[in-house]
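K.L.:
This is what each chain is made of:
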Amino acid sequence: MKFSIYRYNPETDEKPRMQDYELDLKKTPAAMVLEALKIIKTQDETLSFRRSCGEGVCGSDGMNINGKNGLACITPLASLTEPVVLRPLPGMPVIRDLIVDLTNFYKQYEKTKPYLQNSQPAPGVERLQSPSEREKLDGLYECILCGCCSSACPSYWWNPEKFLGPAAALQAARFIVDSRDDATPERLAQLEDAYSVFRCRSIMNCADVCPKGLNPNKAIGEIRDKLLKDGV
Amino acid sequence: MVKPVFSFGKSGLQDWLLQRISAVVLVIYAIFLFSQMMANTKHSFIAWHELFLGGWLRCASLLALISLVIHAWIGMWTITTDYLKPVILRLPSQIIIILALLGYLYWGIKIIWGL
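Residue numbers (the numbering used here), protein chains in the order written: chain A, 1 to 232; chain B, 233 to 347.
To be clear, the hints were calculated from the coordinates, so they are not data collected in a lab.
All C-beta atoms in this analysis are idealised placements derived from N, C-alpha and C, irrespective of residue type, glycine included.
Careful, some of the hints might be misleading.
Said to hold, decoys possible - According to the in silico footprint, chain A covers these stretches of chain B (three or more CB under 8 Å from chain A): (1) 247-255; (2) 308-319.
Claimed, not checked - Within a straight-line C-alpha distance of at most 30 Å, the following computed DSSO-like cross-link-like pairs (lysine-lysine) qualify: (3) 162/A x 113/A; (4) 242/B x 229/A; (5) 2/A x 15/A; (6) 68/A x 15/A; (7) 26/A x 2/A; (8) 68/A x 342/B; (9) 342/B x 274/B; (10) 235/B x 111/A; (11) 162/A x 226/A; (12) 15/A x 317/B; (13) 226/A x 274/B; (14) 68/A x 162/A; (15) 162/A x 235/B; (16) 242/B x 111/A; (17) 162/A x 317/B; (18) 113/A x 226/A.
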């Protein structure tokens with residue numbers, strides 16, 4: 001199987017280039033893109049990429065696979081046409097090869113204060129939720145912060161410092177709808193500017209690429225609805 | 233975050249809501265004009281002129297014109313803040329667009345009210 005992989009080492013390369021590799025999958029079987037990358041790495045140890053769990057849970061190996069963002073570890077080679085073109089996540093600074101700098105991505109995540117805030121005294125047991133309150137977190141809590149969605153979002157490309165991006169917006173919604181959190185007014189006030197969530201143009205790239213099948217656009221819509229109810 | 237100088241509303245929520253309300257006004261106005269075109273078999277200047285002499289249609293046209301200007305400015309402000317990063321390009325572009333839209337508004341009012 002043929003691969004064309006983005007290569008760039010800022011310390012030695014003047015500009016990025018694509019490098020071709022070929023694997024004989026009969027001799028070295030690989031089911032997923034990440035497995036193929038690991039085999040290629042045994043042939044060319046200079047190739048750099050992030051990976052950890054290998055099963056779509058940690059979100060480390062987000063990359064652009066044949067033009068679409070996804071996780072290398074859960075993308076079957078059988079689903080791809082040759083040559084398989086692998087590039088780093090678009091719109092983010094490249095540290096080396098397929099590794100991107102996620103600093104700004106995490107800054108946006110941090111802005112949402114992604115932890116429960118509750119000013120009431122802590123109860124003796126857990127803060128309990130009803131099944132329906134818990135259900136509201138479905139579709140939000142599963143995000144693994146791989147960056148595939150934000151990296152596929154043109155609004156995030158143009159305004160990465162001002163627009164939260166789909167991933168961070170999803171996290172903002174996750175805590176806004178949580179019945180155990182009582183900082184909702186402050187959370188909403190932080191999002192009513194022209195950029196944080198309102199720069200989303202609903203083109204749905206985020207939902208299209210999310211490896212967990214989540215829909216950040218819907219979460220942004222829920223935030224807007226709450227802002228509208230509070231603001232009108 | 234610094235409050236944008238030329239954004240229309242005082243918040244993203246206000247811009248977002250105004251853009252949708254103005255879009256609804258424009259759709260209703262466009263449907264009305266289209267239905268008039270279909271219903272009116274006399275496609276003449278005089279027939280149209282008579283139609284637009286009605287006070288209620290003048291008010292509706294003014295509302296549609298104001299909606300169009302608001303809708304266009306919110307959209308154009310978004311586009312310029314997305315794509316024109318250097319202030320030396322963005323600021324003059326925004327000023328030109330504002331002046332053009334205000335010019336169209338003035339011109340439109342003159343035409344609608346026959347001033």
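K.L.:
The structure should be examined with respect to each hint, and the outcome stated for every one.
P.N.:
For each hint, the structure was consulted:
no.: 1; hint: 247-255; verdict: holds (count 3)
no.: 2; hint: 308-319; verdict: holds (count 4)
no.: 3; hint: 162/A x 113/A; verdict: holds (16 Å)
no.: 4; hint: 242/B x 229/A; verdict: holds (17 Å)
no.: 5; hint: 2/A x 15/A; verdict: holds (23 Å)
no.: 6; hint: 68/A x 15/A; verdict: holds (23 Å)
no.: 7; hint: 26/A x 2/A; verdict: holds (13 Å)
no.: 8; hint: 68/A x 342/B; verdict: violated (52 Å)
no.: 9; hint: 342/B x 274/B; verdict: holds (25 Å)
no.: 10; hint: 235/B x 111/A; verdict: holds (18 Å)
no.: 11; hint: 162/A x 226/A; verdict: holds (20 Å)
no.: 12; hint: 15/A x 317/B; verdict: holds (24 Å)
no.: 13; hint: 226/A x 274/B; verdict: violated (50 Å)
no.: 14; hint: 68/A x 162/A; verdict: holds (24 Å)
no.: 15; hint: 162/A x 235/B; verdict: holds (12 Å)
no.: 16; hint: 242/B x 111/A; verdict: holds (21 Å)
no.: 17; hint: 162/A x 317/B; verdict: holds (13 Å)
no.: 18; hint: 113/A x 226/A; verdict: holds (18 Å)
Going down the numbered hints, you'll see the structure goes against 8 and 13, while the others check out.
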